[in-house]
Amino acid sequence: MSGRDIDLAFELEEPPEKVWRALTEPALLARWLGPNDFRAEPGAVFTVGGAPGAANDNATARCEVLTLEPGRRLRLSWKEGVVESLITFTLEPGADGGSRLRLTHDGFVTEGGLPAVLTMQPAGAGDWRMQWAA
Amino acid sequence: MSEPDIFRALADPTRRAVFERLSAAEMTVSDLTRGFAVSQPAISQHLSVLKGAGMVAERREGRQAWYRAAPGALDGLGAWVARYRTFWPERVEALKGVLKEMDE
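From first to last, the protein sequence lines are chains A and B. Counting from 10, one number per residue, gives the positions in the first sequence under my numbering. Counting from 165, one number per residue, gives the positions in the second sequence under my numbering.
Since the hints were made in silico from the structure, they are not lab data. Since the model is a prediction, treat every value here as computed from it, not as a measurement. Beta carbons: idealized from backbone N, C-alpha and C, even for Gly. A few of these clues could be false.
Heads up, incomplete: computed chain A residues facing chain B, CB under 10 Å, no partners named [stated by the list, open to error]:
(1) I15
(2) E23
(3) K27
(4) R40
(5) R48
(6) E50
(7) A53
(8) V54
(9) F55
(10) T56
(11) A60
(12) V74
(13) L75
(14) L77
(15) V92
(16) L110
Derived coverage of chain A by chain B (criterion: at least 3 residues anywhere in the stretch with Cβ under 8 Å from a Cβ of chain B; other residues may be distant) [said to hold, decoys possible]:
(17) 29-38
(18) 78-85
Construct the complete structure from the given sequences, taking the supplied hints into account.
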């Protein structure tokens, strides 16, 4: 991961199964993330409102469910404006019947599918071609 | 320079490559054109967009213009990501509230 990627961890008091519901039931998701038409199935395309945008803080992110491992892992593509990125929620059992939520937001690319300069490596002398990190 | 300008400037693959070359060395339009299968006017147009976004600086030496990546040209990208760095912890705080209110 590059230094600009977001990688956060949170301790929650509720067990993974309960947190999973809050991540994947549209009505619950709407209460903490934003208005959405999420569907808990791989390949589902949906939107989420209230995202930080290039122009304002009420942008709409266009998303797709990439990975869905019930109770464990939810991976989404997240496109806002001309920027595409990836968001991963990972759940593990935590202390005292709670859970540990890891949230990563990375893979920032500009429109067109090539990784953004966020992950660009400096070009070596005599070789100006970009080293696009995966 | 604003963040959307930077993303738009970098959305074109040739323009990204022009920017990358200018990050490594100061060059003239002729220098730049040699590395690409596009015309000099096309390169000049890309330079114009990059300059407009504040990402490339121009230096005049006689009749020759030299271009290089502007210092801090990519700071706006960091700012965009930084907003999400604030956004997610706020959302997770809201998530904690929702979890408290949920039925078992």
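How the hints compare with the structure:
no. : hint  : in the structure
1   : I15   : 5 Å, holds
2   : E23   : 5 Å, holds
3   : K27   : 6 Å, holds
4   : R40   : 5 Å, holds
5   : R48   : 19 Å, violated
6   : E50   : 22 Å, violated
7   : A53   : 20 Å, violated
8   : V54   : 21 Å, violated
9   : F55   : 16 Å, violated
10  : T56   : 16 Å, violated
11  : A60   : 8 Å, holds
12  : V74   : 18 Å, violated
13  : L75   : 18 Å, violated
14  : L77   : 18 Å, violated
15  : V92   : 6 Å, holds
16  : L110  : 7 Å, holds
17  : 29-38 : holds (count 3)
18  : 78-85 : violated (count 0)
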